[in-house]
Structures are given as C-alpha cells and as structure tokens.
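Chemist: Sequence:
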Amino acid sequence: MITVFVVSDSTGSTVERLLRAAILQFIDADVDIQKRTEIRTPQQVRSVVQEAAAKKAIILHTLVSDELRRLILTESRQQEVDSLDVIGPVLERLARHLHLSPQEKPGLFRQLAEARSREIEAVDFAFRHDDGQNAQDLERAEIVLVGVSRAMKTPTNLYLAYRGWFVANVPLVPEVPTPESLLAIPASRIFCLTMTPGRLRELRLTRAEGTGIPVVPYASLEQIHEELRFAGQLCQEHGWRRIDTTGKSVEEVSREIVLLLPGGDRPRQTGD
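Residue numbers (the numbering used here): 1 to 272.
I should point out that these hints are in silico values taken from the structure, not numbers from a laboratory.
For each residue, glycine too, the CB sits at the ideal point set by N, CA and C.
Do not take every clue at face value.
No farther apart than 25 angstroms at their CA atoms in a straight line, the calculated lysine to any residue pairs in the SDA-like style are these [stated by the list, open to error]:
| id | residue 1 | residue 2 |
| --- | --- | --- |
| 1 | Lys248 | Leu205 |
| 2 | Lys55 | Leu73 |
| 3 | Lys248 | Gln236 |
| 4 | Lys55 | Asp32 |
| 5 | Lys55 | Thr14 |
| 6 | Lys35 | Asp66 |
| 7 | Lys248 | Pro197 |
| 8 | Lys55 | Gln78 |
| 9 | Lys55 | Arg40 |
| 10 | Lys56 | Thr3 |
| 11 | Lys248 | Asp131 |
Computed beta-carbon distance windows for the label pairs [to be verified]:
| id | residue 1 | residue 2 | range |
| --- | --- | --- | --- |
| 12 | Thr74 | Gln133 | 57 to 67 angstroms |
| 13 | Gln236 | Lys35 | 53 to 63 angstroms |
| 14 | Pro262 | Leu183 | 52 to 62 angstroms |
| 15 | Pro89 | Tyr162 | 26 to 36 angstroms |
| 16 | Ile120 | Glu51 | 31 to 41 angstroms |
| 17 | Arg199 | Tyr162 | 17 to 27 angstroms |
| 18 | Lys35 | Arg70 | 17 to 27 angstroms |
| 19 | Glu180 | His97 | 57 to 67 angstroms |
| 20 | Leu84 | Pro262 | 39 to 49 angstroms |
| 21 | Glu121 | Thr3 | 12 to 22 angstroms |
| 22 | Arg229 | Leu98 | 20 to 30 angstroms |
| 23 | Leu205 | Val90 | 52 to 62 angstroms |
| 24 | Thr206 | Glu251 | 15 to 25 angstroms |
All chains, please: the whole structure from these sequences, using the hints.
Modeler: Encoded structure:
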C-alpha cells in the first residue's frame with residue numbers, strides 16, 4: 001500500500017478526482033488517500049511535508065500561491081518526499097500564452113462549482129414552479145412573478161433562473177382563487193408583469209392561432225381589460241410592484257426586477 005497526500009489551499013476536490021481516476025487504471029491498486037486542505041501558510045506547508053516524510057507518502061498538491069508552491073518543492077526535496085505540483089505547470093503555461101498573471105486566489109474553482117450547482121437547482125426550481133405549479137412551495141422562491149397570460153412571466157422566470165435566482169410564476173386569473181401561499185409571501189419579492197392591452201391582444205392572437213385556443217374570449221380586448229383590472233386590483237391591495245414589459249426584452253425586464261430587490265443584483269444563498 002502507498003499513501004498519497006492530497007494537499008490543497010481549498011477543498012482538494014479537484015486533485016482528488018484526478019487521482020482517483022488515475023488509480024482506476026491500476027488493477028488491485030492499494031492506495032490510501034489522505035487530504036490536507038486549507039493549506040495557506042508556510043508553517044502549514046512545512047508541517048504537511050514533515051508528516052508525509054514520516055509516513056513515506058507521496059504528495060499531490062494544487063497550491064495556487066507561487067510562494068507556497070516553491071516552498072513545498074524545497075521542503076519535499078530536503079526531506080526526500082516525492083511531491084507533484086498538479087496546477088503550477090498549467091498556470092505557468094496559461095500565463096505565458098495569455099500574457100497575464102494568475103490571481104493566486106484559493107477556492108476559485110470551488111466558487112465556480114458552487115455557482116454552477118446553484119444555477120442547476122434554480123432552473124429545476126423554475127420548471128417545477130412555472131405557471132402556478134407547486135404553489136404550496138412558493139415560500140422558497142426569492143422572486144415570484146405574477147400577471148396575466150402572455151405578459152412575459154415564463155421567459156423572465158427562466159432567464160433569472162439561469163442566473164441563479166430561485167423564481168416562481170403564478171398566473172392571475174379572475175375566475176381562479178389567488179393561492180394563499182402567494183399572499184403569505186413578502187410583497188418585496190413579488191412582481192406583477194403587465195403590458196398594454198393592444199400588445200397583449202397581438203400576443204394572444206398569435207398563441208391562439210398556433211395552439212387552437214378559441215380567440216374569444218382569450219384574445220378579446222374585453223377579456224384582456226378585465227384581467228388587467230383584476231391584476232391591478234391585487235397589486236394595489238397587497239403592495240406588489242408592477243413592471244411594464246411592453247416593448248422590453250427579457251434582459252431589460254429581469255434587470256429591472258433585480259435592481260428593485262433588497263440588496264439586489266446577485267442571488268442570495270437560500271441554505272438549501
């Protein structure tokens with residue numbers, strides 16, 4: 001059996017995955033992997049190398065600090081520890097070709113991975129809470145979009161979700177009771193998307209032609225005016241802010257919403 005120290009200034013997950021993939025190439029390989037993470041000072045580096053020397057272990061490290069990489073190389077040579085710099089050569093070659101210097105900031109990969117994980121969860125949440133679905137779970141949403149049909153709720157929902165926001169949308173229909181779970185959410189998280197009656201009618205006519213929905217009453221101006229009045233009344237009663245989406249892109253509407261959020265312009269952590 002051999003012992004391999006995975007040494008990192010962050011979680012060590014990157015080099016550990018690489019090591020495990022390499023081990024699979026060896027039949028019946030007996031390898032003891034020991035992680036030493038959050039190594040960010042010269043004292044910690046010296047301590048790890050001493051421990052590896054005592055256990056006759058190999059070191060694989062991903063230290064982004066040039067100073068610590070040089071130190072672990074020096075210490076390893078002095079104590080006859082087989083040490084491999086996994087990230088240094090990559091950083092050096094990129095720096096040479098990009099004509100830039102690396103940030104040497106520990107944990108950047110982990111931050112990117114966490115952000116990507118959040119985006120995936122947010123998109124899944126958006127699909128499961130589109131068009132009033134799973135209304136009993138609305139309290140988890142950071143943003144709730146409400147409004148009449150074809151007011152850009154779903155595209156705005158998905159645009160925000162792909163940027164890490166947990167978003168739900170609920171249609172406002174005069175004949176359908178407003179979900180109690182929606183009324184329990186703070187008004188600061190609810191935005192009513194609205195549009196001019198003429199533009200709404202154009203969009204509904206297009207949808208009716210493509211899906212076979214009866215034009216009357218769905219795309220009639222009378223019905224549209226009634227739905228807009230209903231939505232406006234709910235906004236007034238509950239203090240929901242309105243966003244006019246007429247002639248705006250999804251990006252513009254989303255930016256307007258985010259800027260109105262408490263501490264806006266970036267997704268907050270939900271703790272899920």
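Chemist: Do the beta carbons of leucine 84 and proline 262 sit within 39 to 49 angstroms of each other?
Modeler: holds, 48 angstroms
Chemist: Falls inside 17 to 27 angstroms, the C-beta gap from lysine 35 to arginine 70?
Modeler: With a Cβ separation near 22 angstroms, lysine 35 and arginine 70 satisfy 17 to 27 angstroms, so the hint holds.
Chemist: Verify the proposed pairing of lysine 248 with proline 197, using a straight-line Cα cut of 25 angstroms.
Modeler: Given that 25 angstroms is the threshold and the Cα spacing comes to 15 angstroms, the pair holds.
Chemist: Check the hint pairing lysine 35 with aspartate 66 against an upper bound of 25 angstroms on the C-alpha distance.
Modeler: holds, 21 angstroms
Chemist: Take a quick look at whether lysine 248 and leucine 205 sit within 25 angstroms of each other, Cα to Cα.
Modeler: OK: lysine 248 and leucine 205 at ~19 angstroms, within 25 angstroms.
Chemist: Would you mind confirming whether the straight-line C-alpha gap from lysine 55 to leucine 73 stays at or under 25 angstroms?
Modeler: holds, 18 angstroms
Chemist: Would you mind confirming whether the straight-line C-alpha gap from lysine 55 to arginine 40 stays at or under 25 angstroms?
Modeler: Holds - the C-alpha atoms of arginine 40 and lysine 55 are around 22 angstroms apart, at most 25 angstroms.
Chemist: Would you check the hint for lysine 56 and threonine 3, treating anything up to 25 angstroms between C-alpha atoms as holding?
Modeler: Since the Cα atoms of lysine 56 and threonine 3 sit roughly 7 angstroms apart, the hinted pair holds (cutoff 25 angstroms).
Chemist: For the pair supplied as a hint, lysine 55 and glutamine 78, confirm whether the alpha-carbon distance does not exceed 25 angstroms.
Modeler: Roughly 15 angstroms between the alpha carbons, so the hint for lysine 55 and glutamine 78 holds.
Chemist: So if I understand the rule, the pair passes when the alpha-carbon distance is 25 angstroms or less; does lysine 55 with threonine 14 pass?
Modeler: Holds, at roughly 23 angstroms.
Chemist: For the pair supplied as a hint, lysine 248 and glutamine 236, confirm whether the alpha-carbon distance does not exceed 25 angstroms.
Modeler: Distance of about 23 angstroms is within 25 angstroms: holds.
Chemist: Please work out if lysine 55 and aspartate 32 have their alpha carbons no farther apart than 25 angstroms.
Modeler: Measuring from Cα to Cα gives roughly 11 angstroms; hence the hint holds.
Hint violations for this structure: numbers 14, 21, 22, all remaining hints satisfied.
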